[in-house]
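Asks: Dock chains B and C against the given chain A, drawing on the hints supplied.
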Amino acid sequence: MLINHPLLGPRDAQEFVYKGDASLLQRPDPMAEDALEKFTDYAYLRDNPAGEHRELWYHEQGDRSWLVVTRNTLTHEILDVQLASEVAR
Amino acid sequence: MSRRVSAGRIGTSAVRFNFDGNQYEGREGDSLASALLANDTLLVGRSFKYHRPRGLLTLGSEEPNGLVTVGVRGAQTPNTRATTQELYEGLTAVSQNRFPSLKFDLLSINDRLSRFLTAGFYYKTFMWPKSFWESVYEPLIRRAAGLGRLSEVEDEAQYDKGFLHCDTLVIGGGLAGIESALQAANQGKQVILCEEFSRLGGALLFESAPLTHIDALVAELEANANVRVMIRTTVQGAYDHGVYSAVTVNTDHIPQSQTKAPRQTLWRIYSKEAVLATGAHERMIAFDNNDRPGVMLSSALRGYLNYYGVLTGNSCVVFGCHDDARKTVVDLKAAGAKVVWVDTRASHQWVEGVESYTNAKVVNTRGRHRIAGVEVEQQGRRFWINCEALAVSGGWNPRIQLTCHQGGRPVWSAAVGGFVPGTKLPPGMQVVGAAAGKFLDGHWEPAWDLSVKGAAFVDQQNDVTVKDIKLAHQEGFVSVEHLKRYTTLGMATDQGKNANALGIGVLSQHSGESIESAGTTLFRPPYTPVAIGTLAGRSRGKDFKPTRLTPSHEFATRCGAALVTVGNWLRASYFPLAGETHWRESVDREALTVRQAVGVCDVTTLGKIDVQGRDAAEFLNRVYANGFLKLPVGKTRYGLMLREDGVVFDDGTAARLAQNHFVVTTTTANAVSVYRHMEFVHQCLAPELDVHLISTTEAWAQFAVAGPKSRELVQRVVDLDISNEAFGFMACAGTKLIDGTPARLFRISFSGELAYELAVPTRFGNSLMETLLDVGADLGAVPYGTEALGVLRIEKGHAAGNELDGRTTALNLGLGQMVAQTKDSIGRVLANRTELAQSSVRLVGFRSDQQILTGSWLIPDGAPAEQAHTLGWISSACYSPNLGCYIAIGFIRDAQDYMDTQMRAVSLLDATDVKVQVVSPHFVDPEGERLRV
Amino acid sequence: MFKLTEAPALHAGKYELAELSIELLDNTSRLSLAPLKGELEQVENVLQQQGVSLPAPTEAVLNPCMVLPLGQGQWLLQGRLPDLDILEGFVALTDQSDAWSGFALQGAKVPKMLERLVANAPATYASGKAVRTQIEHIGCWVIGLTQNEWQILGPRSSAQSLFDALKHAADAVYALTHNGK
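Residue numbers (my numbering), protein chains in the order written: chain A, 1 to 89; chain B, 1 to 933; chain C, 1 to 181.
Keep in mind that the hints were calculated from the coordinates and are not lab data. Wrong hints could be hidden among the right ones.
Just so you have them, the derived chain C footprint on chain B, three or more residues with Cβ under 8 Å [what the hints assert, rightly or not]:
| # | stretch |
| --- | --- |
| 1 | 256-263 |
| 2 | 737-744 |
| 3 | 769-781 |
Here are the computed lysine-lysine pairs in the PhoX-like style, where the Cα-Cα straight-line distance is at most 20 Å [stated by the list, open to error]:
| # | chain 1 | residue 1 | chain 2 | residue 2 |
| --- | --- | --- | --- | --- |
| 4 | C | K3 | B | K736 |
| 5 | C | K112 | C | K37 |
| 6 | C | K112 | B | K545 |
| 7 | B | K453 | B | K467 |
Note that beta-carbon positions come from the ideal geometry of N, C-alpha and C, so glycine has one too.
Chain A on its own, in the form it takes in the complex:
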């Protein structure tokens, strides 16, 4: 599988480590009243779609960028790749 790194161009997926759903970018407010409930969902609940999935990949054997990849879990087609640090801002 190839991931089109926004800065480096297409790279083999073997250079990356997969973390999981990009919903991890939306970390709840830890000081809020309902923090425990929100954090439980954040840590344990996933949609696991058959189709487009936004997910986090880490370029461990390359430039160590975290990327947000939109990938179709059925066809493996990769529709979009962004730097996580840009998305997270």
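Replies: Chains B and C only, in chain A's frame:
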């Protein structure tokens, strides 16, 4: 008799080889198959289940019967297809699946028992009596089953890998492939063309027509700088995003003694486009006893004649339902053979002087180890025709396997009479030529099951007959997917190349369901069998993973230290002195010496991460559960890192060398994952922070110098006042050694003794180790390894990887207070979950006069050793030379109730049951006085 | 009085075959450089004054010292390092001299050797380009210098494993060129 009648298109020099103990002679350019045929050896194997005598069916990589074992000892390769094995001087091969010999195979008794060995027989038998399964049936089946034998010695060949990039990958070097490659190359594209065979030309090589046109194209191709031609290269799989795997056979056609090249190379090919030009292969027709040696596919029989110059029989019957059979009739006649043509169709284009029967079919064959005659039925009348060979033309199967690898489904084409690629192809792939179902000529009428008794073979390699297919259907296995698994049709090493389409045709004939509707099973990589060694490449033995050597490795090997693998690192585990014969002697001595004098240990392997930036302290506050904002410059602090779910992830230290500069340490095992996590927090959760991370594990050699005399020793080498007043407990500094070498010093202790960690740039590491021991000789300084390191930290009660096992929390470790509640950090919120916050499990210590095993379960005195009674588990254990007894640390629930009581540490796996006393986990210096001296 | 001595990353001479040589480069100075937030322009100016520019993510600067893109906003400098004292407080610097060991590859057959080791397209390590990738599970750099000259940087601790991998690929290329029919 089968013999060489012409030079064909191969060489003329003689090549000697050995098959089943007999010496033969072939020609340069022969395959083992053609050479055997040239020597009138038709019997090449015995079938898998029934042990029926078998000969070659094909001349290519789809061969189901001609499976032999080539080579001996470390080069022994079972299940090699004789059709693809190129002949070389001295080649040694033996047939398989027969005892004691091909001609006299005892297990051919299976053939007579065939009515009991039909499809799925093993689901209905070997069940009674129950005890017989393990003691009688299974051992017998194991002996009888399997195809080919392993040498059971290590594969002595070397294998290799490689990576190629191109614009267009052309798969198949026949006419369609060559034309596609030239077209792409002339458009300026970078082209790779892969051909399975040892030369380009494809199917045309095996026809009688001259090769002038294709030879010219090949010459043009090889002269084109944009094309890389790879022969003996099979494209094995089509993967995501235009990634393909291919295997090049480098040396299987050369005597091993004459080459040092890797035997095979596994290529990963990245290509935007691919052209599948793999052609098609012919299929059989099912009639009784269609598997006798001498029965071959029509195109194979004429291929042996035209390419290898071998005429399989002086008298041949050509039987088919396809126009292609005519080519064989013509070529055989031209070679002087007596030919009879039997055709299922009502008419065909006659060949002058050839006896022909239309509206006729072959219904049986006879002959023991080779075919002697065929029985023909025409308009209700049956008669025998004597012959030495039977060529069968049942239609064509386009080689569409790779089109399925990305989920494509082939569709039946009635016009072609075969499965052709469906609409969904691997991205960027197009299919051309015969592989797409485009033939130059050929009128076809279906002919599937012509059997009378049902002993008509559909899958020759797995011995699946028409009878099996009918039985499967009768028992309700009606879908093609079920048919395959129940009968094992298509599951042999030829993966259905010969059997699938025929089997589906037979099924369709009996079920009444059209082939279009029934469809076909799909294909997965690899296209042909691949040696495990090829997939492994260099990743074997010591090359399986990289080895990381510590800076003091040279010193350690020079002293004869015992080495241990820790992940990819090679570390010294202990340093035996002359006279020490058992590891305990060395380890006990090292652990005692550290507590009585001073020891030096290479701790370079622990992860070191440099953290700099205006928000460096704030960043550490986020990743560690405890606080770092107020850590003074020049001080180090223990850091506890949690996972977001509140479980402890790792621990280490952070040293503040300057206001905006920290050096963080991690455990050896988690160096990589902690760094990854820190980058995640920085880039994904807190990109607004001004912080910059880089690993410095490699850049600095770091040594622990521990023991009551450690200050004295370190003071002799560093150019810094390290008195207790000037450099107190947990101090840190960037400094230098007395000789000017840059250095970093940290006063941290893992052992519970007064201790320092001294770092210098890696190139000086080995020299520093030697110097410390030399300079500290009068102090009694010794080197110590990972074993003593472990004993010391267990005696201190310091948690390490065994305790941070992915289940334990800060509270369980007795570090609950370290999780600051007034600031946000990873894991703080979920660490406060009721289940975790109310856990009574705590880290405690254990003493015993017997060895305690790690992993033991803790059971109260008098209770049975069962899950329901467990109180906890032992996480780390050792002999303590400083206490003179065995100790351990571990976790138990309701720890406060069990302090100073007795319980048992039980391991059912090791059959141990040891009495232990529950104590504090801090066996040595519980108040930490020695650290602060 | 003691005087610490330096050890090389690897005890190995130059490995030479026809049109292909591999040699360990010893005693190289290296530095990692990351401008603090907002300081990139200032850092680039100071570097420019000394003739040093920062390359784009897929490229390498070769003169007057080598500069490689380490990661987002981070570079590795190697060779004759510029004077960076004036940037104290504006950059995060670490000494990387002993974090890496370098190998010089020379010869017309080097590309055939590299295609057995590096999954990335040859264009990514052509002259003036650098790619950070892996060779036999070892994270490393492949840098294109001039025609027929490349440099490979790998972690110092794995120098022996990397050298073994390079030699093996070189041997394979040689054997296939000279034996294989």
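Asks: Indicate, hint by hint, whether the structure satisfies it.
Replies: Hint-by-hint comparison with the structure:
1. 256-263: Since 5 is at least three, the answer is holds.
2. 737-744: Since three or more residues must qualify, the claim that chain C covers the stretch 737-744 of chain B holds, with 5 doing so at under 8 Å.
3. 769-781: holds (count 3)
4. C:K3 with B:K736: holds (12 Å)
5. C:K112 with C:K37: violated (42 Å)
6. C:K112 with B:K545: violated (23 Å)
7. B:K453 with B:K467: holds (8 Å)
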